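Colleague: Please dock the two separately framed chains into a single complex, following the hints provided.
Listed below, chain by chain, are the residues.
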Amino acid sequence: MNLLRELVAALPLTLVVLGFVAILAVETAAPRRSGRAPALLAALSIGLALARLLSTRAGGQPFGLLADDAMARALSGLLLLVALAVVAMADPLLERLALARGEFHALLLASLSGMLLVVGARDLLVLFLGIELLSIPLYVLAAYRRLTPDGVEAGFKYFLLGAFASGFLVFGIALLYGACGRTHYDGLAALAARPDLQGTLWRAGLALLLVGVGFKAAAAPFHAWVPDVYHGASTPVTAFMAAGVKAAAFGAALRLALEVLPASSALLTGFIVVASLSMIAGNLGALLQTHLKRLLAWSSIAHAGYLLVGVAAALQRRDAIARDSVLFYLAAYALTTVAAFALILHLGRELGPAQDLRALRGLARSRPWISFALALCFLSLAGVPLTAGFLGKLFVIQAAWTAGAALLLPAILLALTSVVALGYYLRVVATLYMEPEDVRLAEPAVSRSIAVVTTLSVAAILVLGVWPAPLLRWLAP
Amino acid sequence: MNDLLLAAVIGLPLAAALLLALLPRLPAEPARLAALLVAIATFLLSLPLLATDLRGAIGRELDLPWIAAWNVRLRLGVDGVSAPLVVLTTLLMPLVVLASYGHVHDRVRQHCVLLLAMEAGMVGVFAALDLVLFYVFFEMSLIPLYLLIGIYGGPRRTFAAIKFVLFTVAGSLLLLLAIVWIVQRTGSADFATLRRASFSTGEQGWLFAAFAAAFCVKVPLVPLHTWLPDAHVEAPTGGSVILAGVTLKMGTYGLLRFCLPLFPGAAVDAAPLLIALAVAGVLYGGLLAWAQDDLKKIIAYSSVSHLGFVVLGLFTMQSAAATGAVLQMVNHGISTGALFLLIGMIYERAHTRGLADFGGLARTMPRFAFCVIFATLSSIGLPGLNGFVGEFLILIGSWRDHPVATGLAAGGVLLGAIYMLGLVKTLLFGPVGHPKTPAWRDLNLRELVILAPLFALMLWIGVAPRSLLSRIEPAVDRMLEAPRLELPP
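Those protein sequences? They're chains A and B, same order as listed.
Note that the working numbering numbers the first sequence so that position 356 is 356, with each residue one more than the last.
The working numbering runs 1000 ahead of the 1-based position in the second sequence.
No wet-lab data here; the hints were simulated from the structure.
It is possible that part of the hints are untrue.
[Claimed, not checked] Within a straight-line C-alpha distance of at most 25 angstroms, the following computed SDA-like cross-link-like pairs (lysine to any residue) qualify: (1) Lys1163/B x Leu413/A; (2) Lys1163/B x Gly423/A; (3) Lys1163/B x Ala359/A; (4) Lys1163/B x Pro436/A; (5) Lys1163/B x Arg361/A; (6) Lys1297/B x Leu1448/B; (7) Lys1163/B x Leu416/A; (8) Lys1436/B x Asp1293/B; (9) Lys1163/B x Val419/A.
The structure presented is a predicted model; accordingly, all values stated were derived computationally and were not measured.
Excised from the complex, chain B in its bound form (with noise of 0.2 angstroms):
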């Protein structure tokens, strides 16, 4: 039996695209409220998906012949790891169309086409079931994302987006090659079959190693996170907070749903670097980010560090961490999602995003500094608020089998609050920094009705988390299985 609601889901934002695209006499404003009111509706659709099965197996299944040729399928479906994703993706597009009044005042209907182009297929990536269909999607996001940082970005946008395609696709045609070769192994790329195949040790290796190289890029993980600064501060808003709230999650979400459970042997083999790598990503971001003068580099460079944390509970194969890691993926979109349409907000004002530009914002802004430390206080993770949640579970599950690790990103925390807190303290007190700040006007009602959703997300999940987590739970043991056979007792 096929449930067309994730069709509808898809079809939707990638129907409403070729309509726009092809209506090129359609005036600015209307493009745009009607890219709005369809990132609403395909919202709205979407949220049945959170009433995803409490045992974890994938619900919402759709499976129709595509290459037919290749036993290749149109084959989606979601359970409780991909779910939250998807909402959350669905849940960040109205958002990003809204805040796209404030700067996008050029190009706006082409500007739409790409949002609502790459919302489908960010959908995508997180409910195919189909390796095949999984890498369409993949890179089918990739291409708006290339033009719209290269055409609504900073001065240096064609380098940036240049980067950003080439470091992901460096990676993601490894992937392609292991798919491809899969898919000639087994006879089928269907995520369900495969997980009953078996790859000897050596071919789990390279398999291994060439969908972690795509993921990883995607993460990032240090040492291949050098894209990502680039790219964050060439974008313009919209972008940055698809960049940073999805699409850095299609990596941490390809490693759960497609390395542990496909080659769990290579997988345990690869857990003691990759999490090395993690907490050095941790250690490090945080670093840089403390360094950094420019808004949008340190949010950037906090980025590198949120995910380390999510890649060290992926590989502890620990449920509670591992959980905790898919929540965090989850908060991270909706906390840095909604400090990146903050430092949108002020560069609207200033048109500069220079830490040292500015000061004294809480006096003149309130609304905004109200904003601001609520923000920083979730991506920081006070307890109360969504961000504790995800970093405690991820810290006490990996406590048992990799302490020093453990004890390491734990300063990763630290080191965000000394950062996060340096930020807020500049940017909303002391001196007042811009002479032309008191002219600057305090967010407006539209500016409040974007940023309302992720605060409410904040709260909800800091304060009943439990909701979430007991559908992301059994979907992440049943990820876990495989190689938890494989590790040693």
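So that you can see chain A by itself, here it is in the shape it has in the complex (with noise of 0.2 angstroms):
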């Protein structure tokens, strides 16, 4: 009865392992011959997830593992309807290339149980394994297209370098347990509090938990599989990375910096150091693309930037500013992105040179609608004001300043490498509006679930920028 009231209590969780299930006892039942229903299994376990995340309270430890706060509801949510819209995404590109549905639901949904793992630990072994169901499924899905070399070369390099991250991540929490004898975060942060009692062990084993979720959330210097990887995944497995693999893995940090880490200078020096590498190198790195899939893949590089400063402010001040400056700019980020992949999906249809900036010149007199969501997509990630990116932007410095002296230069930092990205950015953007039109393209109606992601996303991107009261009331009840 016990383990039943806590399964109900983790119920987003088991709802989405429950669809899993589901979807396998489809395909076993019918090979091949499902059609929808995958699909449609998946949206509805989700659904549900969704409903039950918005009609219940917080409170709550379940399995005395995992958080039931506020955040991790955030991020929950948030991770729930990035996995709807990469659903909603993916089935009609399966069912264009003839890629098994079933399959590709189910290890989606899987995936996604392993990020709702992620957001809610409070016990590094729980961490572990949510990083690891969340990875084990994304290192078949991003080789889904297993005829292509892109696609294998994008499956087998992130398997090696995620395989290698979570040799550093497993390796930092065998050593922080032989520190303080704990996995659960009470423990931990019980001896965080005792500057006296930390030895090398600790420290080694904090820095090696932090380079494994480093890995995860794509900052630099372990941002070497990223352009690879993004651009050889199919787009909306890109798309699940980009957002959702992002937001789990800065779920896990901040909820490390709120409630683990301890109050040393080093530590917030080293997020600090993390945090300048990732502006500067991503926005470099994404000035030199012309291929849009790389482009976004070096911005996520330089928006982990942006974030690791909120992160670094959350573990400077560990209040409730700067955990909402993360969350906001994570959602800001998630539902922009999500749009930019299924535009570029629409656009692209999995051809590569389809997805070169030159292939989208002057795009926007043909296709007006398309191009003006990509391009307020593209300022949402440069953070033009009425855009959600813009707030988001605005926390994250907000929560920097309130931190003192050492996020200073990070702040400067950040609304410098702002200005490079508008040059990549606004590249975009005129390149749609202000070049001449040299392809027309071929009329594909852009299918219904896109045209819903991305009407839906973009709507909340600039409802957000606008009015973000409710959301913040939300976050912050």
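Modeller: Given below as structure tokens:
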């Protein structure tokens, strides 16, 4: 009975796992003939999980290992929305490419359940379990187009570097366990409060743990895999990685910063260095790209840097301002990226050259709506006012200012690299609107699912950019 | 009590822009007509704003909650400084739409959308009384202008557009950092509250630097001016008119509205530097203008020169000079707006802007010649026209405390007369330059209608400046209260 109660308390997660099992059952019963059923099942389980999430109040600790606070809920909600969008985007594509649909959605739900574990984890073992559960299905998903060289390369690279990162992570956890004999966050926090008892084991363990999370968050200098994997994976999977994995990894980092990590200046410096490197490397790397997916990959590294400024502020302040700034930024970033990848999916139709920036020259004439939506996504990523991206940046800068002098330089660097970023984001806008039209695309009608996903995301970007009060209230009840 | 007039002046063009953007099937001409009517309606709506408080207080206030977690509010209002600039904006907009009949034949609807969106942003900049809101409007007007230059501009338009954006944003992100810092330090972004807040000398120093960086790029103050000629040369006529007429004033307006009253100590300390740069701009801009061959470049550099006067007037922190500076902002918008419109009109006929290509237009295009001479005389400050009043007040006001700077700036007036009259001479008189000159028709009724209101204003301000000055001066005095306490006796 106890187990049942705990499972009910963790219902969003349980529902996603049930969805995963149901899809596998359907696939087993009617292999390859299930048509749209897996996608509908996935959407149903995600929808129910969302409904459960929104209809109950925060509180409790399922299994004593998972948090069910405002932060876990906000991130879970975001992850569920992202997954829903990815299901909607992916299904028509899978159908067109005649790829197995059931497995895809099952793997997606498995990965999603890992993400939900990661954002709730209050124990290092659960965190590790979540990260593995998140990653392993994604290795397969990244290589889902296994007959194309790009897809195989993406999957293989992601697997190798991901395995490497897991090694760091598990080694770090082992050292931390050695240092304090606990893996629960409460136990770790108790040791974090006692500087006199912290030895080399503890410090090395923390460093390795954070490196492992840094890999998943795509922060420099752990970013080398990002461009190739984002490029090679099929676009819905890339969207899931960019929005979902990032949100999960930053959820974990934020919880560690708020609940576990000691107040140490060395640690803060580490965060600041990684943040600065990410902002610089990501933005400079993106300046050179002409392929849209690679551009977004590099820009995702830059955004990891901006987010890390917020996490560093959270480490310093351990308060709701810093936490909400990261959460808001993640929401804005995830919505924008999902919309951008949905549009790229529509435009590229999985053909290499069509995702090159040059192929979009003068698109605004023949495709006004798509161009408008894409331009808006890039403006939001650039942080132009009236978009959610602007307010995200504003909140992160505010969090950095409240954290005192240590974050002065990162905040200034954030502003300066944002100017660089405007250079490549506006290049996309310029290509769409200012170049003469060279090719008129054939007339592929925008599939309904992509239209819905982008319309809703773009609307959300604008609404959040103009009227953020409701979301902020929901974050900080 | 909330006054909704300002909300209407911002909301009407914004709503119209959204509506036009959402109707992709609307044909070009109805869209343009709708935009024109909206722009005229906005202008008429904005006229009552001119009746500002004679003691310089901020009126027509609107105050609504926006981001409660942050204590950021939608707070609008105008006083004697901002009201004339708002009306200048709303006046130029219908003229620009009307002028677009001559040169915008492709993607007309989008052109109108961009113009109206920009109008909302620009009015917002002058009306915002909350720093965050101000920043939002400040940036909001940027992207439409970027697109306007980049889509409808000349051959090097993409380069000019991105240069313009990068320069401006590099400055304005520093402004953002400073604003966010102020909000977290004082817990408020409200202008009235912040005027009562006091910052330490060190804080004032860097806050002033960040604010001034954003505004001086926009003005543009030498040596941050290099984006301006590029942007002007590549921009379409409407873009140039808006750019010179309104967006440059956002910089000088920001200096007056925020830098002087909020950071008075730092402003007084920085005044010698800014005055030196302003005078350098007056002379250097004038010399550069003298050396140009492209009509638009001449006017662009003359803007650098004229805006230098404005900055000089503001940073002497002397009532008459600063009042003259505000009037000069309006004047520059009117005269330079008219000149850019005229250049656009001749470009539509000749498809060239090289000064050397022209000559003897006075004989074939008398109406055009009259208008060019009129606008030129206004621009160089002939007594009886608007430019004289502003320049005269600035020079008179600055003379006592800064005789050297004033003397040098007066040299700029002379320079202005030299290159502008040189332009008139080459363009209108002398031998016929272009073989096709006789084929160019003189200005038509539409073009005269565009110019008429500007010329009427030049005369009106020149003859009866009191009506404006009496409202500008008390508002300016309020802005100067704090810095004047800091001035050495």
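Colleague: Which hints, by number, does the structure contradict?
Modeller: The structure conflicts with no hint, since it agrees with every one listed earlier.
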